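Please model the complete structure; the sequences and the hints are all you need to start from.
Here the protein sequences come in this chain order: A and B.
To convert, take the position in the first sequence, counting from 1, and add 499; that gives our numbering.
To convert, take the position in the second sequence, counting from 1, and add 499; that gives our numbering.
For the record, the hints were derived by calculation from the structure and aren't laboratory data.
Heads up, some of the hints might be wrong.
Since the list gives no way to pick out one identical chain from another, each pair is judged satisfied if it fits inside one copy or across any two copies.
Said to hold, decoys possible - Taking lysine-lysine pairs in the DSS-like style, the calculated list, with each CA pair at most 27 angstroms apart, reads:
no.: 1; residue 1: Lys683; residue 2: Lys514
no.: 2; residue 1: Lys683; residue 2: Lys520
no.: 3; residue 1: Lys637; residue 2: Lys609
no.: 4; residue 1: Lys637; residue 2: Lys514
These numbers come from a predicted model, not from an experiment.
Protein chains: 2
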Amino acid sequence: MTADERHRERMQRKKALVDRKIARATIERGVLVVNTGNGKGKSSSGFGMLARSLGHGFQCGVVQFIKGSFSTGEEAFFRRFPDELDYHVMGEGYTWETQDKSRDIATAGKAWQVAAAMLADARYDFVLLDELNIALVKGYIDTAQVCEALKARPPQQHVVITGRGAPDMLVNLADTVTEMRVVKHAFQAGIKAQKGIEL
Amino acid sequence: MTADERHRERMQRKKALVDRKIARATIERGVLVVNTGNGKGKSSSGFGMLARSLGHGFQCGVVQFIKGSFSTGEEAFFRRFPDELDYHVMGEGYTWETQDKSRDIATAGKAWQVAAAMLADARYDFVLLDELNIALVKGYIDTAQVCEALKARPPQQHVVITGRGAPDMLVNLADTVTEMRVVKHAFQAGIKAQKGIEL
Chain A
500 MTADERHRER MQRKKALVDR KIARATIERG VLVVNTGNGK GKSSSGFGML
550 ARSLGHGFQC GVVQFIKGSF STGEEAFFRR FPDELDYHVM GEGYTWETQD
600 KSRDIATAGK AWQVAAAMLA DARYDFVLLD ELNIALVKGY IDTAQVCEAL
650 KARPPQQHVV ITGRGAPDML VNLADTVTEM RVVKHAFQAG IKAQKGIEL
Chain B
500 MTADERHRER MQRKKALVDR KIARATIERG VLVVNTGNGK GKSSSGFGML
550 ARSLGHGFQC GVVQFIKGSF STGEEAFFRR FPDELDYHVM GEGYTWETQD
600 KSRDIATAGK AWQVAAAMLA DARYDFVLLD ELNIALVKGY IDTAQVCEAL
650 KARPPQQHVV ITGRGAPDML VNLADTVTEM RVVKHAFQAG IKAQKGIEL
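Shown next, in the form of structure tokens:
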């Protein structure tokens, strides 16, 4: 048997294994995805799934719970699709930027009202709640209330929630959870946040 | 002092700390980002950064080194921007799908030629090499050669490389590296890959 034939045989066995696993995954429904951890990629992965969803002609909604002081590339880009996408930037910055806890709580509450309306509306196929976890960790929005709204949402609706420190209750409820772990970050080496990467 | 005043004072101290860190990060240049690990979000994060880059009016290039047997949402979506984005799907599927090692090596080599041309071309501000790591791990493309091309690229050019098992040589060269760690995945619970999320 040649090396190519051995490779082929090994890959045929692997394909049979993978095919069996795929055949066992038969459930079709909206999934709840949570991206957490301290590493890069939580929000950008959410925006990548948003692009996929738009590619399938889905009706989409985004609520950004934290707005940086910069104007971001994703906002500039996704604002181009007002028919397929409702894009809401509700936050006013990180809490050390605003320095006003009462206002932050009020802002988070308003953002949650917009998000809750999307979760109750079967017209939305895909909903991205960017940096919601930050507001949950600070207790500005009640995690139990969020979990109830997620459980009661339309069965085909996908939801992606991002931000550091996802609460256990949300992790338990979610279907897919990824921890983005920092191996290293350009910022640590003195490199500014770059357009197209962070901004 | 009221609770609100204490909050304000704490956040002022935090802001001073964050501002000092930001002030120290003064370098402006193209960064090399690597998304690796077994968790979800490596490719979708790359496509999110692509959206950001398009939002800034950047000229962008994508080479997908592995093409699934399904037509993906990201391809359908990003093909809408032929002027700003060169989108190449070069791979033919995972190696257990093709079962033909010689053909896989030839395909990977062709994909690398397209990628290398982008890395040598200062017109590209942002280049996404999706699932390149798979071809490096299998030895289908030489990692040292890839690292040389990355080092020699135009200084303002951002590059994002995704895929499991990023080789150490690439991790050492990169500016920002994230390990996407699986906490859990819907597939493990019998849920099919879903449009807008995986597809």
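These are the hints, each one checked on the structure:
1. For the homomeric pair Lys683 and Lys514, the shortest alpha-carbon distance between copies (23 angstroms) is at most 27 angstroms, but the shortest distance inside one copy (35 angstroms) is not.
2. Taking the closest pair of Cα atoms, Lys683 and Lys520 come within 27 angstroms of each other only across two copies (16 angstroms); inside a single copy the shortest separation is 34 angstroms, beyond that limit.
3. For a Cα distance limit of 27 angstroms, the shortest separation of Lys637 from Lys609 inside one copy, 16 angstroms, qualifies, whereas the shortest one across copies, 50 angstroms, does not.
4. In this homomeric assembly, Lys637 and Lys514 come within 27 angstroms of each other (Cα to Cα) only across copies, at 17 angstroms, whereas the closest approach inside a single copy is 46 angstroms.
Hint compliance for this structure: no hint is broken.
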